[in-house]
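Engineer: Residues per chain, in single letters:
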Amino acid sequence: ETGVTQSPTHLIKTRGQQVTLRCSSQSGHNTVSWYQQALGQGPQFIFQYYREEENGRGNFPPRFSGLQFPNYSSELNVNALELDDSALYLCASSLGAGEYNEQFFGPGTRLTVL
Amino acid sequence: AQSVTQLDSQVPVFEEAPVELRCNYSSSVSVYLFWYVQYPNQGLQLLLKYLSGSTLVKGINGFEAEFNKSQTSFHLRKPSVHISDTAEYFCAVSSSGGSYIPTFGRGTSLIVHP
Chain A
1 ETGVTQSPTH LIKTRGQQVT LRCSSQSGHN TVSWYQQALG QGPQFIFQYY REEENGRGNF
61 PPRFSGLQFP NYSSELNVNA LELDDSALYL CASSLGAGEY NEQFFGPGTR LTVL
Chain B
1001 AQSVTQLDSQ VPVFEEAPVE LRCNYSSSVS VYLFWYVQYP NQGLQLLLKY LSGSTLVKGI
1061 NGFEAEFNKS QTSFHLRKPS VHISDTAEYF CAVSSSGGSY IPTFGRGTSL IVHP
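Protein sequence lines correspond, in order, to chains A and B. Heads up: the first sequence begins at 1 in the working numbering, then just goes up one per residue. Heads up: the second sequence begins at 1001 in the working numbering, then just goes up one per residue.
One chain only, chain B, in its complex shape (with noise of 0.2 Å):
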């Protein structure tokens, strides 16, 4: 079985500052890692992804995230953050081999004050 663990639920900050969010996992077997975007009444946006390789990944809109195995987390950070990054984060783990099914954390509301 597989598990997520987003740490904050709420996250708030002053613009241009940067931020991290936190994500746990647990997994008996080797992992795919995923970051999520959920902006107000809409669907969800794949920020990025990690599948292999450099465990330093970048995706969308000047984010990225660090796999660290042996703490088991992958940590998204973005260096100066915008009033339009205020969202909703969900990190989502898929055991690898086989179909994609995701497991998703609870979310991490990030509030960007001006």
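If we strip away everything but chain A, and leave its shape as in the complex, we get (with noise of 0.2 Å):
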């Protein structure tokens, strides 16, 4: 059984650019939430996916965006980057979205915008 994939490991970007950070659930998972880990800070929830539909999402701003695909895997895309997204961005997967599901989380994107 594949555990929570995510790429690339580390991305150097500066202010103004885009990114694209891509996660791939654990197999027979259907739900993906993201969060953003700053430096020193516990995780803050960004959004969820399920079932390719967005199921919850966090205090984010709408250039955090997200998709999920067909197979569940899913991206997060951030435009027009700030220095305060330097970050890093964790995936986690899980059977269905509600409390009773265990997350899994991968191991993480470190996002660093200069």
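If you are wondering where the hints come from, they were derived from the structure by calculation, not from laboratory data. Ideal Cβ positions, reconstructed from N, Cα and C, are used throughout, including at glycine. Hints should not be assumed to be uniformly reliable.
[Said to hold, decoys possible] When the alpha-carbon atoms are kept at most 25 Å apart in a straight line, the in silico SDA-like pairs for lysine to any residue are as follows:
(1) B/K1049 to A/F104
(2) B/K1069 to B/V1019
(3) B/K1069 to A/L95
(4) B/K1049 to A/R57
(5) B/K1049 to A/D84
(6) B/K1069 to B/Q1042
(7) B/K1069 to B/R1022
(8) A/K13 to B/Q1042
(9) B/K1049 to A/Q44
(10) B/K1049 to B/E1066
(11) B/K1058 to A/K13
(12) B/K1049 to A/G28
(13) B/K1058 to A/F104
(14) B/K1058 to A/G98
(15) B/K1049 to B/V1011
(16) A/K13 to A/D84
(17) B/K1049 to A/N101
(18) B/K1049 to A/G3
(19) B/K1049 to B/S1080
(20) B/K1049 to A/Y100
(21) B/K1049 to A/Q26
(22) B/K1069 to B/T1086
[As the list claims (entries may be wrong)] Now the stretches of chain A that chain B is said to cover, found in silico as 3 or more residues with beta-carbon under 8 Å:
(23) 45-58
(24) 96-102
[Said to hold, decoys possible] Pair by pair, the computed Cβ-Cβ distance ranges are:
(25) B/Y1039 to A/S27: 21 to 27 Å
(26) A/Q18 to B/K1069: 44 to 50 Å
(27) A/T14 to B/A1001: 32 to 38 Å
(28) B/S1084 to A/P107: 17 to 23 Å
Dock the two chains into a complex; use the hints.
Structural biologist: In structure tokens form, the structure reads like this:
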């Protein structure tokens, strides 16, 4: 059973650019959640996708957008990058959207915005 | 709105000693509570969760936590820690009903000394 994988591992961008981060969910999982973890902070929920539909969103501006594909893999897109977007971006997959379904996390993508 | 406060940013302890990591939450509705562990350069792993029922919850790696509704707390305990328990620990809360949209605390760094 393959776990949650994320790509790329590290990424450096400049302010104003756009970035796409990718996540492959664990086999059989139909739900993907994205989190932003700034240095020294806890993860902050960005949004969740359940069966290709957005199923909940945290307090992030519209320039953070996502997509879930028929195979349940997912992308996180961030437009007009700002310095404060520098963080570890975590993806988690689960079998279902509710709290009864354990989320399995990937290792994250470290984004640095210069 | 819901929030989580992890009262200690860092907890140093000697190997084989007991440890308690403190977590307090606030919410206007019923909650679900979680503890996650994050090892260096890795994603988060679920240690345990409280959804309903017994207020004493046992998790992986010998950890347990007790839900105290009157004190709005969910402290994590382990009777005897190992060097390998050195990691960052996050408490999270999610309001009951609907999708799982968690709010995480800022984390407690557990440092186990030989």
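Engineer: Against each hint, give a clear statement of whether it holds in the structure.
Structural biologist: These are the hints, each one checked on the structure:
Taking the CA atoms of B/K1049 and A/F104, the gap is about 14 Å. The hint holds against a cut of 25 Å. Distance check on the hinted pair: B/K1069 and B/V1019 sit about 21 Å apart at the alpha-carbon level, within 25 Å; holds. Taken as a hint, the B/K1069 and A/L95 pair is broken in the structure, with Cα atoms around 29 Å apart against an allowance of 25 Å. Distance hint between B/K1049 and A/R57 is fulfilled; the C-alpha atoms sit about 22 Å from each other, no more than 25 Å.
Taking the CA atoms of B/K1049 and A/D84, the gap is near 31 Å; set against the 25 Å cutoff, the hint is violated. Of the pairs offered as hints, the one joining B/K1069 and B/Q1042 is violated, with about 32 Å between alpha carbons and a cut-off of 25 Å exceeded. Proposed proximity of B/K1069 and B/R1022 is supported: the alpha carbons are some 14 Å apart, at most 25 Å. Distance restraint check for A/K13 and B/Q1042: the Cα-Cα separation of roughly 22 Å lies within the 25 Å cut-off, and the hinted pair is therefore satisfied.
Distance restraint check for B/K1049 and A/Q44: the Cα-Cα separation of roughly 18 Å lies within the 25 Å cut-off, and the hinted pair is therefore satisfied. For the proposed pair B/K1049 and B/E1066, the alpha carbon gap of about 10 Å is at most 25 Å, so the pair holds. Under the criterion of a C-alpha separation no larger than 25 Å, the hint pairing B/K1058 with A/K13 is inconsistent with the structure, at around 43 Å. The hinted pair formed by B/K1049 and A/G28 meets the criterion: a straight-line CA distance of about 22 Å does not exceed 25 Å.
Only pairs whose Cα atoms come within 25 Å are accepted, and B/K1058 paired with A/F104 is accepted, the gap being roughly 19 Å. Taken as a hint, the B/K1058 and A/G98 pair is honoured in the structure, with Cα atoms around 21 Å apart against an allowance of 25 Å. For the hint pairing B/K1049 with B/V1011, the CA-to-CA distance comes to about 21 Å; that is within 25 Å, so the pair holds. A hinted pair counts as satisfied when its Cα atoms are at most 25 Å apart, and A/K13 with A/D84 qualifies at roughly 12 Å.
Note on B/K1049 and A/N101: the hinted pairing holds, with a Cα-Cα distance of about 11 Å set against a maximum of 25 Å. This hinted pair checks out: B/K1049 and A/G3 have alpha carbons roughly 21 Å apart, not beyond 25 Å. At roughly 20 Å between alpha-carbon atoms, B/K1049 and B/S1080 fall within 25 Å of each other, so this suggested pair holds. At roughly 9 Å between alpha-carbon atoms, B/K1049 and A/Y100 fall within 25 Å of each other, so this suggested pair holds.
Distance hint between B/K1049 and A/Q26 is fulfilled; the C-alpha atoms sit about 21 Å from each other, no more than 25 Å. Pair hint B/K1069 plus B/T1086 does not hold up; C-alpha atoms about 29 Å apart against a cutoff of 25 Å. Remark: the segment 45-58 of chain A is confirmed as covered by chain B, as 6 of its residues place a Cβ nearer than 8 Å to a Cβ of that chain, reaching the required three. Coverage of a stretch by a chain is defined here by at least three residues with a beta carbon nearer than 8 Å to that chain's beta carbons; for the segment 96-102 of chain A and chain B the count is 6, and the condition holds.
Checked against the given bound of 21 to 27 Å, the beta carbons of B/Y1039 and A/S27, roughly 23 Å apart, stay inside it. A hinted range of 44 to 50 Å for the beta carbons of A/Q18 and B/K1069 is consistent with their spacing of about 45 Å. Between A/T14 and B/A1001 the CB atoms are about 35 Å apart, so this pair conforms to the stated range of 32 to 38 Å. For B/S1084 paired with A/P107, a C-beta distance near 18 Å keeps the hint of 17 to 23 Å intact.
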